[in-house]
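Protein sequence lines, in the order shown, are assigned to chains A and B. Counting in the working numbering, the final residue of the first sequence is number 146, and the numbers go up one at a time with none missing. Counting in the working numbering, the final residue of the second sequence is number 680, and the numbers go up one at a time with none missing.
Keep in mind the hints are simulated off the structure, nothing from the lab. Keep in mind the model is a prediction, meaning the values are calculated, not measured. No residue lacks a Cβ here, since even glycine has one placed at the ideal position from N, Cα and C. Take the hints with a grain of salt, since some may be wrong.
What the hints assert, rightly or not - What follows is a set of in silico ranges between Cβ atoms, one per label pair, in the way DEER data are often shown:
| hint | chain 1 | residue 1 | chain 2 | residue 2 | range |
| --- | --- | --- | --- | --- | --- |
| 1 | A | Arg144 | B | Pro607 | 49 to 57 Å |
| 2 | B | Glu376 | A | Glu50 | 19 to 27 Å |
| 3 | A | Arg144 | B | Arg621 | 17 to 25 Å |
| 4 | B | Gly214 | A | Asp20 | 35 to 43 Å |
| 5 | A | Ala89 | B | Pro607 | 34 to 42 Å |
| 6 | B | Ala522 | A | Ser70 | 44 to 52 Å |
| 7 | B | Pro623 | A | Pro141 | 53 to 61 Å |
| 8 | A | Pro92 | B | Asp562 | 37 to 45 Å |
Said to hold, decoys possible - One-sided and incomplete, this derived list gives chain B residues near chain A with beta-carbon spacing under 7 Å:
| hint | residue |
| --- | --- |
| 9 | Ala171 |
| 10 | Thr173 |
| 11 | Arg174 |
| 12 | Met175 |
| 13 | Gly392 |
| 14 | Pro505 |
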Amino acid sequence: MSDSRALDALLDTIIPPSADGRLPGAGAAGLAAYIDDVARNAPELTPVLELGLAALDARAGGRGAEDFASLDPDARAEVLEGLSPEQPAFLPLLSFHVYAGYYQDPQVARALGTRSAPFPDGYEVEPNDLSLLDPVRERAPLYRDV
Amino acid sequence: MPDEPVDVLIVGAGAAGAAFAWSLADTRMKIVCLEQGDWMSPADYPSTRSDWELRRFGDYGLSPNSRGRSEDYPVNDSESPIAVSNFNAVGGSTILYAAHFPRFRPGDFRVRTLDGVADDWPISYADLEPYYDENAQMMGVAGLAGDPAYPPKEVPLPPVALGRLGHTLARGFNKLGWHWWPSDSAIATVPHNGRAACVNLGPCLTGCAQGAKASTDVTYWPAAIRRGVELRTRCRVREITVNAQGMADGVVYYDAEGGECRQRAEIVVLACNGVGTPRVLLNSTSAQFPDGLANRSGGVGRNLMFHPYAMVTGQFPEPLEGYKGPQGCCIMSQEFYETDASRGFVRGYSFEITRGNGPVSTALQGLGTGDIPWGAGHHEGFDKSFDRTAGMVVICEDLPEPDNRVTIDPELVDSDGIPAPKVTYALSENSLKMLDHAVERGAEVLRAAGATETSAISPLPPAGWHLMGTARMGRDPEASVVNEWGRSHDVKNLFVIDGSLFVTAAAVNPTNTIQALALYVADAIKSNLANLFD
Ligand SMILES: Cc1cc2nc3c(=O)[nH]c(=O)nc-3n(C[C@H](O)[C@H](O)[C@H](O)COP(=O)(O)OP(=O)(O)OC[C@H]3O[C@@H](n4cnc5c(N)ncnc54)[C@H](O)[C@@H]3O)c2cc1C
Ligand code: SF4
């Protein structure tokens, strides 16, 4: 993607950092590289993204800002929201890939307590409490004998 | 000598073909299995990579129509509310299966006697019991003895981890006084027969990289091959051929390069599953069998049963650690298994508790529903959803109906040009009433367990993964395709050993019973060798 500053700003607008600082914004998490990868394998994505980014800059310019990235987060969200009627495919398409990429990211997974790739480490699970079965064990057979 | 016949030719290397090949191999007969798929490489399974959740929508998808793998064949399921799901490889659909591994209950073989519907099986629970036991050892079944829903049975390995999610749901069942039990699971919870123990990765439905889940490529096949069975992969059978006496004399198949080959055989055994098997039979037409092989009864392809499924999901206020532990195997309930006339339907259903979604699936689902928006509310939306959902699938007993069937599609073909199957299926009144009942009871138990909201999908459209009934067994050649030990009534050296045999479907997953049947047929062949074709 040509303008990485614009893309990072856009990514942080879609998934901003969490208020408690636990999770990074999608831009800060480096999702631009993932989106570039996706676009390489799905070339039809590139024009949609480029048109969208250009329109965001133009709209930011209309508000007197230098470009989209120079707006504050609230203004970015407003500008992005305003783009939807004109380019309805842009945000849903991009969001799909941003969500998918963000939640695969190892640092995001670490913050959530999950593993980006479950194999080979897997998970510890709390030990089974089979005393919960006591009332079931007391029941008469449930099956019909034939 | 290329044209030399083999003693036994098995078509299909899935759950049934593997068990059968292993068992019959101790006869030292020359056994060859032809499989259209290939060996899988567990080191490449999705769970070894960060994009594992997305691959369920790609090359590990449920439907052969969208998966894009060359070894798949298409299935026209446009006339069915339930789509067919399978996998084509060494191990067959067990590569994808959840490994829920219940047995049928004794009454499941006596549905007509007990409830006046469908038909009784020509064999009983007692006939299959030794084979269930043998299969439990070979596949490695984890669970807990003492379940009051079953006669006493052997369960070799300790149960799967219930986890916080399982414990939470179990308390809900207890509150209502309903039956539940740790699920019988074909998962090595401790090391078993050289397989490593389950490490609770979660995504069992895209292949188990750990080798803990009992797909037959890691259970029966290595043992069968050690016993001398030859497994030929990338061989796709077009049809079974017959000689002048009307006996099967081999098959015509296409190899990996698409070359047409012939393999002659003394005995032909079909293990292509409840859709693949009738497809081969119906494609095997000749002057003697113009309506398809072994089809003088007209029953081949008829009485197709899926289990109508529903999914009921609840939102919980607390994290449930639902992404830890085998996705499909946790606890189950058979509280509503037997007929109760007051409910307005015959027979019944099981609940199987499933675990939660991973982060990517959660996020994408929330994007679709709007519950996880972009922008300022994103993390709040995600936190509310992720790891706070638990649910269950409902498995309803499907009753056999002749008009629910597999036929040959007049146009659709696979990559070798072999005509593809078409599925025509409608849900019965009985199934619809049962689904409604189950969805209500499911929501009730989720609320008892602490869910604040519940939702349901009923029927569950992609759930055509249990394929049964399309070459049923029976004593009456007019009303069944094969006899009580799997041999075709019409062609005395042709056997069926997969879910096509089922007379009725029960309300549990079928694979344990499919394999018990395959082992039972193998033993019947061994004990009848002297007069096998009489
Ligand atoms: C997503 C999913 C989840 C499931 N979960 C469970 C579960 O939890 N518990 C359970 O009991 N069951 C489950 N099942 C069902 C289970 O996988 C099947 O019941 C079982 O694998 C059927 O065994 P089979 O041998 O009859 O057929 P399969 O395992 O489907 O094997 C048939 C084999 O035959 C081959 N074949 C077909 N036609 C030809 C041909 N013309 N030439 C050559 N080869 C051919 C196929 O490639 C395939 O490998 C699940 C299935 C799926 C898809
Ligand atoms: S949870 Fe266990 S059985 Fe399932 S994939 Fe992981 S290791 Fe395999």
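Okay, the hints, checked on the actual structure:
1. A beta carbon spacing of about 33 Å between arginine 144 of chain A and proline 607 of chain B contradicts the range 49 to 57 Å that was offered as a hint.
2. Judged by the Cβ atoms, the range 19 to 27 Å given for glutamate 376 of chain B and glutamate 50 of chain A is violated: they are separated by roughly 56 Å.
3. Roughly 23 Å separates the CB atoms of arginine 144 of chain A and arginine 621 of chain B, a value that falls within the hinted 17 to 25 Å.
4. A C-beta distance of roughly 42 Å is found between glycine 214 of chain B and aspartate 20 of chain A, which places it inside the suggested range of 35 to 43 Å.
5. For alanine 89 of chain A and proline 607 of chain B, the Cβ-Cβ distance of about 26 Å falls outside the hinted range of 34 to 42 Å, so the restraint is violated.
6. With their beta carbons about 19 Å apart, alanine 522 of chain B and serine 70 of chain A fall outside the hinted range of 44 to 52 Å.
7. Between proline 623 of chain B and proline 141 of chain A the C-beta distance comes to about 37 Å, which lies outside the given range of 53 to 61 Å.
8. Range check, proline 92 of chain A to aspartate 562 of chain B: Cβ separation about 39 Å, and the 37 to 45 Å hint holds.
9. With its C-beta approaching chain A no nearer than about 32 Å, alanine 171 of chain B sits outside the 7 Å limit, and its interface hint is violated.
10. Using the Cβ-Cβ criterion of 7 Å, the hint placing threonine 173 of chain B at the interface with chain A is not satisfied: the shortest such distance is roughly 33 Å.
11. For arginine 174 of chain B, the shortest C-beta to C-beta distance to chain A is roughly 38 Å, which exceeds 7 Å, and the interface hint is violated.
12. Proximity of methionine 175 of chain B to chain A is violated relative to the hint, the smallest CB-CB distance being about 36 Å (cut-off 7 Å).
13. With a least beta-carbon distance of about 37 Å to chain A, the hint placing glycine 392 of chain B at the interface is violated under the 7 Å criterion.
14. Residue-level restraint check for proline 505 of chain B holds (minimum Cβ-Cβ distance to chain A is 4 Å; threshold 7 Å).
When held up to the earlier numbered hints, the structure conflicts with 1, 2, 5, 6, 7, 9, 10, 11, 12, 13 and fits the remainder.
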